[in-house]
Structures are given as C-alpha cells and as structure tokens.
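Undergrad: Chain by chain, the residues:
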Amino acid sequence: MVLGLLSACKNPVGSRYEPDDAAQERGLLAINEAGCAACHEIPGVAWPKGRLGPSLEGFDDVGMIAGQLPNRPDLLAAFIRNAPAVKRDSTMPATPITQLEAVDIAAYLYGLDHD
Amino acid sequence: MIDALWGWPPPVLDPAGPYADKVTTLAWALFGMGLVVTAIVCAALWLAVRGSPKIKAMIGGERAIWIGGIAFPGVVLLGLLVWGLTLTASLTQPIRGDEMRIRITGEMWWFRVQYLNADGDIVMEDANELHLPVGVPVVLELEAADVIHSFWVPHLSGKKDMIPGRRTLLRVQADRAGEFGGLCAEYCGSQHALMGFVAIAHKASDWQAWFDDRTTRVARTEMLAETAPPDAMPYPGDAAAYPMEPETLERYDARRGMRLFMESGCAACHRIAGTEANGLAGPDLTHVGSRRSLGAGILPNNRGTMMGWIGDSQSIKPGNRMPSYYVLSAEDIGHIAAFLELQK
Chain A
-11 MVLGLLSACK NPVGSRYEPD DAAQERGLLA INEAGCAACH EIPGVAWPKG
39 RLGPSLEGFD DVGMIAGQLP NRPDLLAAFI RNAPAVKRDS TMPATPITQL
89 EAVDIAAYLY GLDHD
Chain B
-10 MIDALWGWPP PVLDPAGPYA DKVTTLAWAL FGMGLVVTAI VCAALWLAVR
40 GSPKIKAMIG GERAIWIGGI AFPGVVLLGL LVWGLTLTAS LTQPIRGDEM
90 RIRITGEMWW FRVQYLNADG DIVMEDANEL HLPVGVPVVL ELEAADVIHS
140 FWVPHLSGKK DMIPGRRTLL RVQADRAGEF GGLCAEYCGS QHALMGFVAI
190 AHKASDWQAW FDDRTTRVAR TEMLAETAPP DAMPYPGDAA AYPMEPETLE
240 RYDARRGMRL FMESGCAACH RIAGTEANGL AGPDLTHVGS RRSLGAGILP
290 NNRGTMMGWI GDSQSIKPGN RMPSYYVLSA EDIGHIAAFL ELQK
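In order, the protein sequence lines correspond to chains A and B.
Numbering of the first sequence is given in this note's numbering, commencing with residue -11 and proceeding in unit increments.
Numbering of the second sequence is given in this note's numbering, commencing with residue -10 and proceeding in unit increments.
To be clear, the hints were calculated from the coordinates, so they are not data collected in a lab.
Just so it is clear, CB atoms sit at the ideal spot from N, CA and C, and this is done for glycine as well.
Do not rely on the hints blindly, as some may be mistaken.
Just the calculated beta-carbon pair ranges, DEER-fashion [stated by the list, open to error]:
(1) A:A34 / B:W199: 31 to 37 Å
(2) A:G51 / B:I111: 53 to 59 Å
(3) A:G46 / B:R156: 48 to 54 Å
Just chain B, with the same shape it has in the complex (with noise of 0.2 Å):
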C-alpha cells in the first residue's frame, strides 16, 4: 500500500469543505438508508420463518405488500432523490461572476490547468495541480481535450464530466490547507487508473504570494550554473567515506540540460514559460520542479522518477503521449532532469 505524501491516493470520506461535506452527508444518509433497509427486510424473512402464525399472515398480507413494498421504498427513494438532485444541483450554479476560475482540461491521462483572471484571459499554466487560498470558493471550468474524463477530488467536491466541446462548473472550496489527491472518474482509456491529480490549499495570504510569485516571474534560466564533479573518489570498500548527503554531490549540469531539452524534441511538445520551448501538447512545465507528483499525480517528484519518467516513460505508463527516450543518453537523461529540477 502506498501511503503517498503527496495525498494520492484520497480517501472518499473525508471533507475538506463545505460542497465535499453536503456530498458525504448525503453518501452516509445513502448507506444509512441502506443498512435500515437491509435490517427490515432481515427482520421479516427472519419472522416470515420463525413467527407466530398470526405475524406470518399480517406479513403476507395485502397492506404489507402496499405499505412495505411500495409506499415505504415510494417516499424514500423519492425523498434521497430530490435531496441529491437539489445537492448537485447547488454545486453546479451558474457564475456570478466574481469569483475566482480556474479551466481544467482532461487530457490523454493528465489535467491540464489554466489560471483565469477577471477577463477569462488565461494567466498562469499548470498541470496536474491546483493551488487554492483557503476559505474561498473557486469555480472549476472543466474541458476535456479528446474523450470524456472526469474531475474527482473527493476531499473538496463531487465527481463532474468533463466532456469534449462542452464546458462543464464546479465550485469547490477547501476550509482547511492540506494536500488532497483525486483522480479521473469516468473510464477514459488504457492508463485511466493512472490519472491522478492533486489540489493543494495555501492559506489565503500564502495563497496570494505564490500566485504572484508564479505569474511575474519568469523561467528560472538565471539560475542555471556549471557544476563540475567531484574529485577523486575514495577506495569502493569503504562505505564509511563516502559523502552521506546527496546535495554535496551534483554530476548533472542544467544548462547542457537546457540544450538537451530544446534540441531533443522536448520542447516540441512541453512549454516553459522564458524559454524557446512552446509546445502545447504535453503539460506545461514552467513549474515542473516544484509539482508533488510526476506522471498526473502518480509518482513522487525526485532526480530518480525524473529520469525514469523521461528515459522510459512508456514503462511506467504504457500507451501515454510521451515516448520512451531511448536515444538518450544516461548522462544526458540527468542533465534534463537537473534543468527541469530548477523550473519552479
């Protein structure tokens, strides 16, 4: 079992906010209803067998039959509806206007993810995250890219379609910061089980400096520097000598990373906001270096999974849009990584 720190995979009930609150009363009121049920029906098999003759014949009769098999489940299921029906309904009302949005795209197993302003003008792109200010009610614009997926956060909402040449709400709002892992909901192809997605909510003032931060900075190609490797390695037999901490040792050198990423094709398909590369068909990687999650929530985001993910990518998630990069080098692997680390 993985027990992913990234909050992938979420757990169904456990709200983190008002609309994924009224979801989950209503899901406790289903399995409650459920389990009422179960224990009547229980109860007259166990009375239609073991009763007294007189009790066998009330049950048998014609008023058992209309009050217990058609009024009751009647009423019930007739109520459990309205309620649901009203529920989903109130998750799904019309924008104001004001409100903050946020378009997401389901794509061939990831979430593509457009920053809004006021105007509908897209300003930041993401993928496979979503980053909320606590507190504030967000409506989600859902689009899908080729066939129908479906937005699922369980700790912030319901489920909802997002389907090709329609533009699907949500409003999602999270009370509490924290991390929450979802995932497509609708059976969308091969590796549907593999599209994971996270949302994380920063309180508002924290919230507010890290959109900044991201919509006025540009990549970090400043940051870039030569590294050199290490001197003489110690004798292999002596574990004891060598450098404990991973950061004293860097061999991988970003700026030949950078060349790699714009002369390898990477760029053919994957943007970076600042640079050449402007490729609109993978995710957006200004912000990669930063992500939870490799792969649309899947995998932890370190040097290691960065170099599986792009030098054989289709083992990992066999059938997705990116190819295994086996004319690449290992060396050449990591210097890609090292870049796409610093793309925060």
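Bound conformation, chain A alone (with noise of 0.2 Å):
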C-alpha cells in the first residue's frame, strides 16, 4: 500500500539527459580554451563571469535553448558550435571548437544539475 503510493509520486526534478562524467570533463576543459566564460557565467568556471551573453546556471532545466529551439543534445551542439546558422540573429558568434567539443560542452551544460 505504502510502496503504491511512493510509486505514485512523481520523480524528482532530475536532469533529462543523462551525460557520462568523462565527457563533462573534455566539456569543461574546451569551455576554458574557448573561453566561453567571457561571456556567459558558468558554473565551475570561477573567473571570468562575463555578463554579455546570459548566464548558464541551471541550464539543464531551461526550455528553449536561445529561447527558440527545443533544448535537445544535437541542437546544443549545433548551437554552441555555430550559434548564427541554427538562430539567425543570435549574438552569440561561431566558435572555435570542433564537433565533438561541442558535443562534450553540451553534455556539461546538462550535467550542471548533478553537482
């Protein structure tokens, strides 16, 4: 009866990807040469904490990434690689990573929660 109704409750608040811990690594490490951090402030970046672009605290539980796409690991990538060909007009510019670094920025962006 009372396993029931535990199994009723709804989950907790968790993250929707689940991204394994080595690429979160290699995702910190090209956030830093890229110094994404000029702009955004990052958790697990202790300087810089630019405020031009928004900060990406809590990332994990936004719902549109740049407020117009639908916040998936692909388009992540996409974005954080070459954020004017997925938005046109957003301000943020090309970056000077490579897929996979892309790939591995995101999965640290939606592992921010796990901390």
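Dock chain one against chain two, each of which comes alone in its own frame, and use the hints as you go.
TA: In structure tokens form, the structure reads like this:
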C-alpha cells in the first residue's frame, strides 16, 4: 500500500539527459580553452563571469535554447559550435571548437545540476 | 584548471634559455639547502630527545652553538648571497649597443611592447606579446607608465621591476622555439593577477620574416570585403541540416566594423597603423588579429572573446581602463570584432 503510494509520486526533478562524466570533464576543458566564460557565467568556471550573454546556471532546466530552439543535445551542440547558423539573429558567434568538443560542452551544460 | 594553449599561466621551473637557467639553478640550490638544514635540525631534535647522554651533552655544548648556530649559517648564507647577487648582476649588464632592444612598458594592466632599431627609434608597436628569435640575446628596456609593475617570463629570465620614471634593463634569451607565458610579478592594483604576457620564440629566419612583414605592411584595410548574410535557414528542429563549419557563415561586415571603430570612440584610445585610429591610451591594435590572447594574456583570442571584451570588458577585468560598450548593439560589436580580426 505504502509502496504503491510512493511509486505514484512524481519523480524527483532531475536532468533530462544523463551525460557521462568523462564527456563533462572534456566539456569543461573545452569551455576554458575557447573562453566561453568571457560572455557567460558558467557554474564550475571561477573566472571570468562575463555578462554579455545569459548566465548558464541551471541550463539543464531551461525550456528552449536561446528562447527559440528545442533543448535537445544535438541542437545544443550545433548551437554551441555555430550559433548564427542555427538561430540567425543570435548574438553568439561561431566558436573555434570541433563538433566533438561542442558535444562535450553540451554534455557539461546538461550535467550542471548534478553537483 | 585552465590548460592554456598560449602558455599562460607559466610553469616557473622550466627554463628555456641561459638566463632563466641560471635563476632556476639558484632556485634549486636554495630548495636543496633548505632541505639539508631542515634535515640537520630534525636530526638534532631527535638526538636531543632520544640520544645517549654523551650526545645530548655534545649538542647542548657551546662548541655546537658556535659551529652549528653561527659558523655554518654564516658561511652558507654568505655564499648563497654572493652567488645570487653576482647572478642577478649578470642578468642586467649594461647595453653594449649592438644588441636587439625591445622596450616594454607596464600599464594599467597590460604591457606595451615597442621594437626599437639601432638608433633607439620605435619601428613597430605591439601589446602583451613579445616575439623573439631563438638563440639571440635581447635587451628589454623596462618602463612603467603609472605604478611599479614587475616583468616576469619564468621561461626566459628572473623578475625585474618596471619603475615609473626609470628605465631598468633585463636580458632574455630563448634557446628553443615555443610560447612562454609571463605575468606581472609586483602587486599593481586590483587586476594585477590578470596582467599576463606571452613571449613567442621563433627560429631566427622565421623571426626575420615575421618582423619584415610587420614593419613593411600597413593595416589590412584593403582586405576588408563586404559580406552578405547566408541564404534561407533550415528548419530549426533538424540539427543535421545546419552548416557545420563556422567559416561557411559570416554575418558581420568588417567594413562597417571599421567605420564603427572610428565613430564609437575606439580610435581615441587605440592605434591601428595605416588608419585614422591614433590613440595612445590603450594597446596598439595594428596586429590584434594575430595575437594569441586578449585582455593581456588572459583570454584566448577568438570572435566570441573579442565580442565579450568589446561589449563588457568590465565584467571580465573590473576596473580596467576600457569601458563596457553598452551603447553598442550586438550587431555593431560583431562588426567591430570582424574588423579587428583582420588586423594581423
């Protein structure tokens, strides 16, 4: 009875995606090497905390990428690598990273809530 | 931990030339002596507690104090002092006159770099980056524009103060090609820790080609081309449909960027050789597009960091002399960044 009630409860709020730890680690390294924090506040990056772009704190729970695109790993990676191609009027420029690094950075952003 | 591709922050015990080598040897000798003295003290302490009465009497005797407490440290410290002083003196010998000279000035949190000819005239100006030929000793003339800074590229030499109203000299030499990080080593204000530097050692022939190119060429305004926005956008949900190579898409116009640069006040503080921009307060931007770093050795140089720095440099390095340009639109910032990227 009790078990039945418990299992009826909503799942705790968690990440929609479960990126693996190695990818997240590589993602943070790529973020530092590309200097993403010059424009974004990114949890896990102590400095800088640029404010030209939005803070990425709690990015996992954001509804849409840049307020326009479905928040999916493939789209996020494409947006990180080449934002103006994915959303024409995006302020964010294309970044000098590889597709794999973009995927890793997306993994890092989806993993932010798992601290 | 930022594993900086442009050599910053630098490791301090990895010499790349004769001057840094001497300093590193001295550092290891000091560490070694410290270790030896610590070992002697620990041994004496252990013997004083656990040793036989005869040994205890010996350690506590007047002779032990004369030898271990006065003669030994006196001789050792005097020796290290003489060694250290002669070594630092050898790093700052007066100029003979035929060496390559480069003037570096500490500013409010960046380094002005001026390449001098044999007569001491400035032939090229740069910032936060020093290009050296491998195997050639170079005399750095160190100056300061505001407060005391200290120039330190651990791979190349020891630290040397940059003092307002006074010129100090520092010899450097790189024996291998590479990118060596440096930093200000004297507290000079709130952003002291973000006052970085990159020294780049080229093979001698490469350096000459690089130097000739830089001194003969003016700004690359002739390279500016109108760029058109890309054609129709694919459906937002299909990631595979987007062009994956960032070069395939340029939406900013460098020509407009140049106009904005001149009209928005950038040119009042920054100089770009061959254009009307002739300001002296900020770093010379004639070659900014080819620099490894932005904001004085602290950020990688790419479109994103360039836009971030132009639009809001105060959130990256609070208190630096460049204001955050909130008056510019994102588009304008992008145009200016595209223009600056071409200044190589």
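Undergrad: Holds or violated: 53 to 59 Å for the Cβ distance of G51 of chain A and I111 of chain B?
TA: Check passed, 55 Å falls within 53 to 59 Å.
Undergrad: CB of G46 of chain A to CB of R156 of chain B, is that within 48 to 54 Å?
TA: holds (53 Å)
Undergrad: So the hint says 31 to 37 Å: do the beta-carbon atoms of A34 of chain A and W199 of chain B match that?
TA: Taking Cβ atoms as reference, A34 of chain A and W199 of chain B lie about 35 Å apart, which means the hint holds.
In this structure, every one of the numbered hints holds.
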